[in-house]
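Enquirer: Each chain, written out:
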Amino acid sequence: MIWALLGLHLIGCAVIAGIGDGLGNRVFAVAAGAPLVTSIWVIGRVGDANATTAQITWVAGLDLELAFRVGPLAALLTLVVSGIGVLVFGYAAGYFANGIAGVGRFTATLLAFSTAMVGLVWADSIWTLFVFWELTSITSFLLVGYKNTDADARLAARRALLITVAGGLVLLAGLVIMADSAGTGRLSEMTNIGGTSAAVASVLVLVAAATKSAQIPFHVWLPGAMAAPTPVSAYLHSATMVKAGVVLVALAGPIVGDAAPWTPLGISFGLGSMLWGAIGALRHRDAKLILAWGTISQLGLMVALLSVGSAKATFAAIGLLAAHAVFKAALFMVVGEIDVRTGTRRIDELSGLRASMPLTFAVALVSAASMAGLPPTLGFPAKEAAVEAALGLAGAEKAVLLSGVIAGSVLTVAYTTRLMIGLFGSKPDHTASAVAPSRLAMAIPIGILGVSTLAGFVGLGWVTTAVRAAAVQLNPSAEVYSLLRWPGLTTALFISTGIIAGGLAVGVVLARQTMSEPRAVGAQAVDELVAGVLHAARWTTGRVQHGSLPVYLVTMTVVATFAAVPFALGIDTSAVYLSDNGTQLVLAVLAVAGAVASTTVTSRLGAALALGAVGLAVAGLFVAHGAPDLALTQLLVETVVVVGFVLGLGHLHRRFPAADQVWVGVRLTVAGMLGVAVGAALIGSSSAPVGVPPVEDFVAESQTTGGGNNVVNVILTDMRALDTLGEIMVLVIVAVGILALAAPSRDETPALEGEPT
Amino acid sequence: MSLALVFAVAGLVSVGTFLVTSRSLSRIVLGFSMLGHAAVLALLASGGPAGDPPLADQSDLETIANPLPQALSLTAIVISFGLTLFLLALARRQHLLTGGDLVEDDLEDRRIAYEADDNDEIGSAA
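Chains as they are written, first to last, in this note's numbering: chain X, 1132 to 1888; chain B, 4 to 129.
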């Protein structure tokens, strides 16, 4: 079934990518098919403790496999991902005008994202998890940058990609450590690991989760991502992609949760984001940005709860996750509808919508109540559970988490109040905003989500079963908890009442204030960092890759000279003597003299002859060393090379061009230095001989197994026969190359002497 | 180690390096040849002192030169021979195409260096 559903998604993507543009807005109905079937299948599995699995092994020894496991947590998350996916596709059909260009590309990408997300929540093998994690990054990059003619959207997409993909690399490192320590790549088989590796892995996993879930300081990509069309924001940045980080924290908690950095770091990320996100939501006037910052805040609470890891906290976090997905998607859709129908989504430009958009207002009110944690909505029992969870802790953890949750919740109620007043209230100095007619395709998904928030409260038993089963998968002690419609007069209830009263007061006051909108400092910093890296790269390339062959060679020569220093340090002067014999001394001087001569003569023929002289001197050195085979080869080769020079360069001007002699001083210096360095390295290498050359063994071997008396020949044709064959191949290739280079092609007229003298 | 051989190697390396850093392709070819000679001599010198030719039936086992560096050097000679000829063919080809044998700076590299100096924002959306 798992394969069938994934296949259905992929077929949907392929079909839409192929023919989607011709379908107009009907394409969204096609796209909704796979998520719809998935939600129907999964709804029966929600709350079921048994898991459905599927796997294909690729490389067994390396644990490389595609492995999926739909347990209770995955089932709940799938319902969120696919269920809201269906609604988003429906909503998009109303949001976009019929027949816009690129609708096929957009829808295919959105469905591909949905597929990646489903794969991510189903993944059991960490490698599968990683692959789908990266796929969500890539598809979300494409979706954020959907308006690819808009420079801001492109920048925002690049920021999102850089941060989330960097997080992906961190995640890979963390997963590798986890798999290595646990001895298995299956999440469902991993048990708690300890020690240093758990500590390192816990930090890596939390950082990865923070990049994906837009936790401070990695949150800077999320507000910019609001450049995407609203259906994308409603889907990616409320219900699904940003939840991936939360899911990761949930899954990794039972494995690395006992490591020392886990809880403090998680709480820091979580509470920091919860407070800063809420403050951000209070300062902005673009309703979509308010919701985006609110998302940062809400995700912070979930991360904090999950990193605490107590059964109650886990239970509360799962409950919040479900509630948040429903109300945040609804609120994004509401804002999108307002944007489409009035032409703006800024809360200081809207007025009188309560009367002109009553149904939208009703859904917004219900969803906002859920966001603020008010009954009778799904958000209330979830928020109560969170406060209870904080109360249930002890010591410093309790103090920090409880004060953080209270402060964050007060701010949450405040920004919710301010948002609702701003969106729907009547402003005395504004005329009522003009409102375009409602579109059914937008209204229906919004209505369904609004009803779901209420139905979740009414049918709390079913929700509890689903949430509890998911929480038990992570922490078996969560068995005892329930979401309660009416908790009774508990401490938590009193705290919640205080939170709501305080938040309402702050919200009402702030709604009347006009605050300066914050600048996107973090996003700007990221952009500057990227620009700086690009500039540094260009600068380095410009310096290093300047295009002059002599300068490259001089640089390499200088580096090679320094490489000789270690050899020079090990020189033992007692291993040195003047020469093996007098002939050698004379020939060495002759060879160097010939070489020097070749640099000073100005005629090409003279230089070629000087090279020939050097070759002869070297051949003589071979004889003096006791290597007649080398001398014979050298003489043969030298003859052919001189002929080659005459043939190859004969048509060139007789003299070298004057422009050739550049930088003579520098070149002489580095060349001299390299010569000294090589000489020193040579002496140094012979100063510490290791053993004696096995000359006798070679002689014996060549006579017995090679059957020859010329040891050098036997080595070449017998002991190293394969190498010699390779050498012959090189010569053949060179010959073919020379033939090809030398044959003039038809459209090539031999150039005349055109070079300067 | 024989200082005469070290001197030959050092001298040939210096001259070879000086030649390959010039602008004329024919001088570069000369330089490569010199470097090839130097490499072979270095290989030979590092294998031990001079001696009699390594012929099992004619030389005294006590005094023959180390045969292994000789075998390796033979390969080196042949390969540097092939390389030299190939470079000569390239030089000839360049002459056919451009009429000269000067190695010019790479224009694309110069452009990048120029733009980097100019602080020009190539390839950046910022």
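Any given hint could be a false lead.
[Claimed, not checked] Label pairs and their in silico Cβ distance ranges:
#, chain 1, residue 1, chain 2, residue 2, range
1, X, V1774, B, Q61, 50 to 56 Å
2, B, D55, X, G1701, 28 to 34 Å
3, B, D55, X, A1668, 55 to 61 Å
4, B, T101, X, A1668, 30 to 36 Å
5, X, T1800, B, R113, 24 to 30 Å
Everything labelled a hint here was simulated from the structure, so no lab data went into it.
Using N, Cα and C, we set each Cβ at its ideal position, and we do this for glycine too.
Enquirer: Could you run down the list of hints and mark each one as holding or not?
Expert: Hint-by-hint comparison with the structure:
no., hint, verdict
1, X:V1774 with B:Q61: 50 to 56 Å, "violated (33 Å)"
2, B:D55 with X:G1701: 28 to 34 Å, "holds (30 Å)"
3, B:D55 with X:A1668: 55 to 61 Å, "holds (60 Å)"
4, B:T101 with X:A1668: 30 to 36 Å, "holds (32 Å)"
5, X:T1800 with B:R113: 24 to 30 Å, "holds (25 Å)"
Figure legend: structure checked against the earlier numbered hints; the only hint not met is number 1.
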